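As a plain string of letters, each chain reads:
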Amino acid sequence: MLLNDPLAKVLYIDLSRRSFWIEYRQDLFEKYLGGVGVASMLLKEECPEGIDPFDPKNPIIFAVGPLVGLFPMASKTVAMFKSPLTGNLGESHAGGRSAASIRLAGYGAIVIKGASDIPIYLTIYNDKVRFHDGRAIWGTRSTVAGRALREKEPGSGIRCIMRIGVAGERLVRYACVITETFRHFGRLGLGAVFGSKKLKAIVIAGNNTLQVKKGKIYKEAYKEIFKRILSLSALKKYHDLGTPVNILPLNKIKALPTRNLKTAFFEEAEKISGEHFAENHLGRRLACTHCPIACIHLAALRQPYKDEPYFYKTTFISYDYELIYALGSMLGISDSVGILRLLDEIEILGLDAISTGVVLAWATEAFEKGLITEKETELRPKWGDYESYINMVRKIVTQPNDFYKTLALGVDEAAKRYGGEEFALAFGKNEMPGYHTGPGSYLGFLTGARHSHLDSAGYSFDQKYLGKEFTSKDLAIALFKEESYRQILCSLVICLFARSVYDCQTVLRLLDIAGFTMNEKTLRQLGEEILKNKYQFKIQEGFSFKNLRIPKRILETISPHGQLKEDFLREAINVYQQLLEGKIFLD
Amino acid sequence: MTRLQVIDTERCVGCQLCMYACQRRFGKGGIGSAAIFVRSRGGMGRGFRVVVCRACSDPPCAAVCPVDALRIRKGGGVILQPNKCIGCGHCQEACTIGAIFWDDRANKPVICVHCGYCANFCPHGVIALVKEGSKDVIK
Ligand code: SF4
Ligand code: SF4
Ligand code: SF4
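Chains as they are written, first to last, in the numbering used here: chain H, 53 to 639; chain G, 1009 to 1147.
Rather than coming from a laboratory, the hints here were simulated on the basis of the structure. There could be a bad hint or two in this list.
Partial chain G-side listing against chain H, Cβ under 7 Å, derived [said to hold, decoys possible]:
#1 1024
#2 1039
#3 1045
#4 1049
#5 1131
Over 10 Å on every C-beta distance to chain H, these chain G residues come out as not near it, computed from the model [said to hold, decoys possible]:
#6 1017
#7 1036
#8 1050
#9 1051
#10 1080
#11 1083
#12 1102
#13 1137
Note that the coordinates shown come from a computational prediction; the quantities given were computed from them, not determined experimentally. Glycine included, C-beta positions come from ideal geometry on N, C-alpha and C.
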């Protein structure tokens, strides 16, 4: 890396002692670049083996990478922690202004340890770190806290405001952290870890200038990347309709999980399609800092007040494919206004939308089957009835009885307690994303380090290999390679939508401009090494490939690849494990 | 003479590519000495403001400079002569729209020179280089 690159600076903050200090960690960044690579090493250093995720010792680690502030779409921040949802590796990525503000405030990573005795929030302006009384914003909606800090704190335009809602404060295991109102560290419960530390919010801002090896080469390379990004048709579609562009194609191949995946085809998909949302609700588009695509789509939801005629409120709600799946088809809701209202409630409370949708879907089916009754639910959940779901979401946060206390632990725990494991759709305890595309998708959820569709994009493999033959070994190898290379992208914190632009050769060229010398072989090896590091942590915390639960439901509902076979998946898992253990050698 | 014009802020998505572009003129990354600034109008849901010099033909910033460091630019706006500038900050106060930014390290103002480099990188048609004197534009 370049001499004096502030990337090497790691800011450590101890909430218990209200102190902070900076360490220069060239060693980490030189070797692991940043993002996931560096964060997983810091997690290893900071997270004691076997601790409870709500132990003050559980660290929150944010890391960015060398290309942030230099090249477009290097726009993500990686968060790592021990997940309260899975009791294992917690990893979540978000964009907004987060990555740019951390990097331009002069840091490569931030490590937050300890816990405060009273609610607080933190501000980080370049080298000034301050602890503030957060009692006045504790217990507030995520939107209220955001607004208050926006007005009280400086840095408009260059700052990032991360905050939690009441879900995080009440330790709902899938509470999220919201940043810039419309972006999220959504998965695996970072919001609850914030809550356990009584940390309501963090404001970060900075406006550094960054050096490169050669200015002229830098400018030329930038121009080229910029052009390539704009000419990609795949990216244009994310600009136009956003990720919900995928609703109709996935429904067409019968891969859109519907009503807790009792089927993978939603007969009313048209009404929740990207096209429908764009035509009827789209009010504004936004971009993360330094991204030309602007995939963030905001619906302008105009709602009348019931108590007075001609009295309306208009709210902006960001929508995405995953949210429309989890709160739409998965719950049988075809009214797009209903989806947006449910989504709005989830945002205000600060929950992960995917997990919430899957939990509600399980509860609805468990209710249908009589595993739970109105005694537990206090209302009657019914497919499509978003009013009931809005009330249930509130109860997940307020937790009026044991049932809702259990729902707040995730679908895995709920099914353990009340039954219905065969239709409790979580993998590695993480609620499933919206792809019933075939074996690739599920192998990805099962084996991916964070049990997310983004780990190895098995859904994309499924779609590419539709109607083609492949063995469990072919599949495992393809996903392993993909997950390995994604560790590089996620160490450079490049938005995965730009993955085809940031191929190996391009990455090497840009890294050179940022002062990193590597070659294709070392880069690919690094990807595998980072992945293995993450698995070491997982194994240390009790993860085992053997104990992975495969809910029967995914085998019953026909996928575009026909009926899925448990044996096939188990074999593939086995190969994946051997690949990670280095027992199968790839050239 | 050409100058930079904000065509339509409603199209702005807040990507700040223009800020990074302005900084890149000097072959560097980040935004430390960018002459254009994009901020939300109080939350991103409300859209954005694009703050950049509007090329006044009778610039108040130049009028208040005690050492004549801001030369009036043909076509509007000013050209900073850094060796004359004493870093007093009067110009920054005089600019009603807040289009004068500050380079903390050099302790000098940063003001748009209307080169149009940023406009090449705005993907959404918010800003453009226009010909001064074309009668159909209203600043
Ligand atoms: S800096 Fe401000 S006052 Fe000076 S010319 Fe530009 S807009 Fe006018
Ligand atoms: S016109 Fe030139 S100086 Fe002005 S903001 Fe754009 S890049 Fe910067
Ligand atoms: S590049 Fe264009 S869209 Fe992006 S912030 Fe600047 S003016 Fe707005």
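Right, here's what the structure says about each hint:
1. Restraint check, residue 1024(G) versus chain H: the minimum CB separation of about 5 Å is within 7 Å; hint holds.
2. Restraint check, residue 1039(G) versus chain H: the minimum CB separation of about 5 Å is within 7 Å; hint holds.
3. For residue 1045(G), the interface hint holds, the least distance from its beta-carbon to any beta-carbon of chain H being 6 Å, beneath 7 Å.
4. Among the interface hints, the one on residue 1049(G) is violated; its C-beta lies about 10 Å from the nearest C-beta in chain H, farther than the 7 Å criterion.
5. Look at residue 1131(G): its Cβ gets to within about 4 Å of chain H, closer than 7 Å, so that hint holds up.
6. The Cβ of residue 1017(G) sits about 12 Å from the closest Cβ of chain H, beyond the 10 Å cut-off, so the non-interface label holds.
7. Distance check for residue 1036(G) against chain H: the nearest CB is about 5 Å away, which does not clear 10 Å, and the non-interface claim fails.
8. Not every C-beta of chain H lies more than 10 Å from that of residue 1050(G), the closest at about 7 Å, which undercuts listing it as non-interface.
9. Non-interface status of residue 1051(G) relative to chain H is broken: a Cβ of that chain comes within 10 Å, the nearest being about 6 Å off.
10. Separation of residue 1080(G) from chain H is adequate, the least Cβ-Cβ distance of about 28 Å exceeding the 10 Å criterion.
11. For residue 1083(G), the shortest C-beta to C-beta distance to chain H comes to about 25 Å, beyond the 10 Å cut-off, and the non-interface label holds.
12. Residue-level check passed: residue 1102(G) sits 21 Å from the nearest beta carbon of chain H, beyond 10 Å.
13. Non-interface call for residue 1137(G) relative to chain H: holds, since the shortest CB-CB distance, roughly 17 Å, exceeds 10 Å.
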